[in-house]
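Go ahead and model the full structure; you've got the sequences and the hints to work with.
Number of protein chains: 2
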Amino acid sequence: MTNIISNNPVYDICLSYQKTAALQAAIKLDIFTKIGNSRLSAEQISDMTGAAPRGVRILCDFLCIIGMLEKESALYCLSAEAQRLLDRSSPYCLADIIDFYASPEIVSQVMNDPLSYVMTGGASGMTNVSPDNPVWVKFALAMIPFTSVTAKRTAAYIARRGMKPRKILDVAAGHGLFGIEAAAAVSEAFVTAIDWGAVLEVAKKNAASAGLAERYQTIIGDAFKIDWGENYDLILLPNILHHFDREGCVQMMGRARKSLSSTGSVFVIDIMPDSDRVSPPEQAAFAFLMLATTPRGDAYICEEYEAMAKEVGLNLVESRKLPPTPQTLMEFRL
Amino acid sequence: MTNIISNNPVYDICLSYQKTAALQAAIKLDIFTKIGNSRLSAEQISDMTGAAPRGVRILCDFLCIIGMLEKESALYCLSAEAQRLLDRSSPYCLADIIDFYASPEIVSQVMNDPLSYVMTGGASGMTNVSPDNPVWVKFALAMIPFTSVTAKRTAAYIARRGMKPRKILDVAAGHGLFGIEAAAAVSEAFVTAIDWGAVLEVAKKNAASAGLAERYQTIIGDAFKIDWGENYDLILLPNILHHFDREGCVQMMGRARKSLSSTGSVFVIDIMPDSDRVSPPEQAAFAFLMLATTPRGDAYICEEYEAMAKEVGLNLVESRKLPPTPQTLMEFRL
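Protein sequences, first through last, are from chains A and B. Note that our numbering numbers the first sequence so that position 170 is 185, with each residue one more than the last. Note that our numbering numbers the second sequence so that position 2 is 17, with each residue one more than the last.
Hints may be right or wrong, so weigh each one.
Since the list gives no way to pick one copy over another, a pair counts as held whenever it fits inside one copy or between any two copies.
To be verified - Straight-line Cα separation of at most 20 Å, DMTMM-like style, residue types lysine to aspartate or glutamate; simulated pairs: (1) K153 with D128; (2) K86 with D289; (3) K325 with E262; (4) K43 with D128; (5) K43 with D62; (6) K153 with E96.
Just so you know, the hints here were simulated from the structure itself, not pulled from any lab data. Just so we're clear, the structure is a prediction, and the values are computed from it rather than from any experiment.
Okay, structure coming up:
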């Protein structure tokens, strides 16, 4: 796979946004699912999608160049990556993530004025950490395929440690997958999910689909302000701390410590680069998205999370990467 | 060099626009020139640029990930590519091209609604081929470093063929570099440049800088409509035909034939992919930019240009790639 479109890296980077645009158009037309196991001409794909033959031909050629299609004698078929990650009949299909990452909200935050957030060291205003931002409903719906693998790996970690949490708290639950997978793995578990109201509707629906409606409750509100309740055996902080500065992270961890049972665990599940902050590329690059879209968020390294936790009296039990996901799970206890 | 930020190609493509944004911020801060041959910390770069240390640190880490900087013990230095292509003290510096490719006009045409131009097979309205579009002044200024190598290679071709054109016509001259380099190489040559008025101001300024003011004249207007004059020994059609459909190209070539002396040559200088239309990647990818930003433009292959020329009575003399540029020069005569 290569998605480098030029031998001139500067030209390639200047026009990198074209790749996002092309993938977005292709996913909206559901080209990958429609091609499936076939080898089709531009005209055939045009007939199936209703898009102009000329538009399809140029789009499909571009998808070949970025490694998502292959072309032989004017017929297009899926590349191995597209078969796995973009055909909706694949269990690993990630197509929906385009709805979040190429959403006008996120694209404009990143693209409109890159100089400004570099100059000031963060996005102006609250941007995507502002209360009840509708982008999080989009996120909750779009990111399920991406997050579900991490949530399953987290549940497997719980099983491997022989944990039997009865009371689980899922902070900034979003789609709710982390709490839902944990409850699915521990039959006596009861989950409380905290998030904005509109997002929790998505989580409740997902919990009901998983047959957990009876063991699932929600608390609507700002996780920095509302009462979390107490005596939880497991508190999940999945993909939430990266939105805040160090002070915000410490405050959030302090709330977790206060709501934790004496034998309970706090899980920080997040994208953590190595201490050089430039590797692995996916994890390290995440810091830039946080620079562009949050006032003071970051991709923190493990050592930073460990030091924050120590400040509130939580100690590291285990730090575990969750391949093939880009995430790491850190377990803390009193 | 790698500018792949993730092992997951779909995630990488979904967020590819971040690379353009980061490079744009870095070029606006002139980070590459400021680092030069040094190895500097984020704090030092922050002092030199006035940008927040946090913004600089995250930006520079991201630039490492996309191959434009390197990092060792928290100090940043230029990658070999950045030394050559982004440091303004390098003769090959391409930094200015970001002003065109990441301009709001072009980015919004590509990113705002990718589905629409794929569905209809072209951009709606006239977009960047509309009369007197100010984007072409931006283009003329930004693309000089990118185009000057092609213009010099074109002048070298003229010399190699022993051509001594007295009357040169540069159609859609833009920055004017093609006509200017040709006139610089042939002392008896007199150039006439056609383009919109505002753009020709850039061309005239460039001609004057090259000491050619006395041998340079302009005709303002739409190249499809105005009178080109006649009896030209050399007519240049550089990077213009790709904006139009086949019919438009044939029409433009027909005008060239009419204005050509009996022994004159027409040069089509353009980005031409191989006949598979998916290689080489840079040339082939260009078709997508034309799909997004013009009603019916394309990256035509050599054989298509040859057939169009034949229709108006022009015959191929030679077709020559101009490495390291992505362009090809095709010479036609009666």
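Of all the hints numbered above, which does this structure not satisfy? Sort the numbers upward. 6
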